[in-house]
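Colleague: Taken in sequence, the protein lines are chains A and B. Heads up: the first sequence runs through residues 1 to 752, numbered per this note's numbering. Heads up: the second sequence runs through residues 1 to 102, numbered per this note's numbering.
If you're looking for bench data, these hints aren't it; they were derived computationally from the structure. Hints are not guaranteed to be accurate.
Said to hold, decoys possible - Coverage of chain B stretches by chain A, computed from C-beta distances (three or more under 8 angstroms per stretch; other residues unrestricted):
1) 30–38
2) 51–59
Said to hold, decoys possible - So these bits of chain B aren't anywhere near chain A, every CB distance computed over 12 angstroms:
3) Leu4
4) Lys22
5) Phe26
6) Ile41
7) Glu42
8) Trp43
9) Leu78
10) Ala90
11) Ala99
Idealized CB from N, CA, C, for every residue including glycine.
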Amino acid sequence: MSAELLRTLCYFLTGGFLIFLAITITRDNFRSRLNRVTGAMLFFAGLGPLFMALGSILAQSATAPLGFEASPIYKLRHLWEFFFPLLLLFSCLFPFDRLSRAGHPYIRLAIFLPPLMHSVIVLFFDQLSSALDIFHVDPGDEGLSSLIVQPLATLFSWLKLTLNVLRGYERSIFAAISIAYVVAAGYFLESGRKRVTNPKILTQTRWVLTGTRIGLGLYLISQIGWLLFPRQFTEGVTSTLLVIALLVGSSLFIFATIRHQFLDVQMVFRQSFVNTITSALLVGIYILMVVQSRAIVARMFGVEAELVSYGFIILLLLFFQPINNWVDDLIRSMFMRTRTDHRNVIERFSRQVISLFDPTQLRQAIEETLKTTLLVNRVYFVLYDDSITEYAMLPSDDHPRRVVIDRQDLMLRGINLLDAPTYYRSLTDYSPGSDLATMLESRNVRMVLPMKDADHLLGFVALTEKAAGYRYSSEDLNLLGVLSNQMVSALTNARLYVESLERTRLQEEINMARQIQLDLLPSNPPTLDCSTICARSTPSRTVGGDFYDFIKIDGDRLGMVIADASGKGMPAALMIAQTQAMIRSEVNNGTPIASMLKNVNQQLAVTTSAEKYVTLFYGELDTRRGTFHYANAGHNYPILARSDGTIELLKTGGLIIGALPHAEYEEDTVTLGPDDMLVLFTDGLSEAMDESEVEYGEDRLRQLVCSHRNEKAHEIMETVLKDVRSHDPTSPPRDDTTIVALKMTRTINAHE
Amino acid sequence: MIVLEPRGKIMGGPDATLLHDKLYEFIQQGRTKVVIDLSRIEWMNSTGLGILIQGYTTLRNSDGQLKLAKVTDKIQSLLTITKLVSVFDAYDTVEDAIASFN
Chain A
1 MSAELLRTLC
11 YFLTGGFLIF
21 LAITITRDNF
31 RSRLNRVTGA
41 MLFFAGLGPL
51 FMALGSILAQ
61 SATAPLGFEA
71 SPIYKLRHLW
81 EFFFPLLLLF
91 SCLFPFDRLS
101 RAGHPYIRLA
111 IFLPPLMHSV
121 IVLFFDQLSS
131 ALDIFHVDPG
141 DEGLSSLIVQ
151 PLATLFSWLK
161 LTLNVLRGYE
171 RSIFAAISIA
181 YVVAAGYFLE
191 SGRKRVTNPK
201 ILTQTRWVLT
211 GTRIGLGLYL
221 ISQIGWLLFP
231 RQFTEGVTST
241 LLVIALLVGS
251 SLFIFATIRH
261 QFLDVQMVFR
271 QSFVNTITSA
281 LLVGIYILMV
291 VQSRAIVARM
301 FGVEAELVSY
311 GFIILLLLFF
321 QPINNWVDDL
331 IRSMFMRTRT
341 DHRNVIERFS
351 RQVISLFDPT
361 QLRQAIEETL
371 KTTLLVNRVY
381 FVLYDDSITE
391 YAMLPSDDHP
401 RRVVIDRQDL
411 MLRGINLLDA
421 PTYYRSLTDY
431 SPGSDLATML
441 ESRNVRMVLP
451 MKDADHLLGF
461 VALTEKAAGY
471 RYSSEDLNLL
481 GVLSNQMVSA
491 LTNARLYVES
501 LERTRLQEEI
511 NMARQIQLDL
521 LPSNPPTLDC
531 STICARSTPS
541 RTVGGDFYDF
551 IKIDGDRLGM
561 VIADASGKGM
571 PAALMIAQTQ
581 AMIRSEVNNG
591 TPIASMLKNV
601 NQQLAVTTSA
611 EKYVTLFYGE
621 LDTRRGTFHY
631 ANAGHNYPIL
641 ARSDGTIELL
651 KTGGLIIGAL
661 PHAEYEEDTV
671 TLGPDDMLVL
681 FTDGLSEAMD
691 ESEVEYGEDR
701 LRQLVCSHRN
711 EKAHEIMETV
721 LKDVRSHDPT
731 SPPRDDTTIV
741 ALKMTRTINA
751 HE
Chain B
1 MIVLEPRGKI
11 MGGPDATLLH
21 DKLYEFIQQG
31 RTKVVIDLSR
41 IEWMNSTGLG
51 ILIQGYTTLR
61 NSDGQLKLAK
71 VTDKIQSLLT
81 ITKLVSVFDA
91 YDTVEDAIAS
101 FN
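So here's chain A without its partners, still in its complex pose:
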């Protein structure tokens, strides 16, 4: 008796589960044929156990009318056999849609004929039977009418015989047909599984297949067993096997749906599914406890203490919510917190992309996430390429060539207007004449994911259809929206990182250039018997456009250069290096000063544009003769402060170097006496400005040098620099600043 009750309960539960699952799946995405077919299949599968439960209850009920099994309502149970053709349809749709290629739609409808026939025969046998009797002809009845009626009557009697045979053996015949369906469906499912490549779909397929295999296996055992050994396989045994088959099969379907996103059922529905099952179980247990509580109380206290049992009920109700939550959390933690749940996806994705700076790796991470969590088949990237300032579709597995997209492409401009993930089919307005549209269509793109920072389209991601023919849901669109925002920041980060690497590299190069420049400057001024020399150059940037140099010509003669290239920084430094090399080479050749400047000017004027030039002063100190032989190519006049306080300016020379070709230069000679002081400088010194933009000025410099002419070379250098700094304390100076000071120390014994 209680075994019977348990079985009835099982029937109910199984039927209820299946129909609930059917409704959930259909409702989740009604537009998808796969969802509709699966829903219908599960619905009809659920009808079977529900009717079994009904039959089981009626069989035990004393008040049930006798012969209830013959009632039309109970006969409706045969409708569940529609499960088999639907299973066949399902096996043709999952994991691949093979139905669209399976010929004419009527052929698909034909598979529903056997269960339809079965239901009609079972439901309307009597009516059909009497309807076929209308042409009954009495034997011996002769006449014209019998000529027409006779063949019809014969046909109908044949039909009736067929009907009777079908009726008599309906169970065996239709069981055999169902077995054929099951075998065919099993074959299709197994063959389909072998073609699955997406790991996620493979897992789903594995669970769904396991469920189907167990269910169908048990079904086959029960049916074949019943066909071959009707005595051992009684009604009770087969129906138990059937219920176990349905229970196992549907449980694994549910597991695949909730845990592995089978049919891509949305999170909301999967959650509601868990909630429903949890609440249903809990309420069931509660009702049992409440029903039993009164008996328990009576047994414990020996009396029918109603009050105690009410108290117990209230206590149970108080605990309902917390227990419900707890069970809910438990089930959720077991089934729902999967790698593919959206919150997890977003968390994991942002963690992953934050650490990726290599654009290729970043794209791979994005592609992998989209493929595993959203089950997207293929992902294409169209990104703005800074180096060509155009958008380009990057190579993919199936299209290994990069394609540059015309800036004026209509589809590209259409996508530029988007703010959120959008179905490609809603962009058809932009396709006329668009190469991009042709490209996207040939790649079966279904979804376009624009990636925009503040006002600029970084590019977009194009997604094809999802695996197993799943559709994009509203939940997917939300997830894609969040992911595309993260992609934007990740791509921007990666770009900034590459740029900062580039900047670091440039800075390193500039530092190296500075070192080269420092090495080009004489490390120590030469020491001479008759004079002391000191010099200092401070660039306004890492590298500068000023230079000075000392060139020992022979035992008696020392060449000295001070020069200033127009502009600042690296371009000026490059010009300076070139000029210095030329000067050194000319001096070593022994070229006279005027010719030397003419040659250097000619070469520089030819190799650089007119706006680039160098002001340069070259002089040669002859320590034996006590003379200073010089030429000034447009440079600030060096100050010669005689020991008696007169000031001379060394002006003779010619045009600045490198501006115009064919310039001619003059040279001059001055005699240097004891304690005479020569100060060479660049305009960074004389043009230093204070806050009110007043220049330091050459006059002030001349007066300063004159009044400190008795100081030693290094002292006058420090005095000048200190005075200039007091005028303009900016550090580093606004312009490259260079000073060379030469002080004659003792009388030179002229031989002449």
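Mind docking chain B on chain A? Use the hints.
Modeller: Only chain B this time, still in chain A's reference frame:
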């Protein structure tokens, strides 16, 4: 004949390339006789001077001429030091500069 009257500072950078671009535009139009009135120039650095030289060369290569007018003391001393006084024709007034073309 074109008279340019730049103001402020000629210090290089985008403002200075403006002068160069303007000269280039005039050459394209076949107007190659240019006078630059420097009276409103407060200050000119080495880059600014480079731009003037560039303009001078560009015009000369197009069979034109660049003349300066109303050169301030500051710029005059710059031209003297660099010996560019021998290169540029400088006049006290714009009218003198214009007249010199004939």
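Colleague: Confirm or reject each hint.
Modeller: Verification of the hints:
no., hint, verdict
1, 30–38, "violated (count 0)"
2, 51–59, "holds (count 6)"
3, Leu4, "17 angstroms, holds"
4, Lys22, "15 angstroms, holds"
5, Phe26, "17 angstroms, holds"
6, Ile41, "14 angstroms, holds"
7, Glu42, "9 angstroms, violated"
8, Trp43, "8 angstroms, violated"
9, Leu78, "9 angstroms, violated"
10, Ala90, "15 angstroms, holds"
11, Ala99, "25 angstroms, holds"
The structure is inconsistent with the numbered hints 1, 7, 8 and 9, although it conforms to all the rest.
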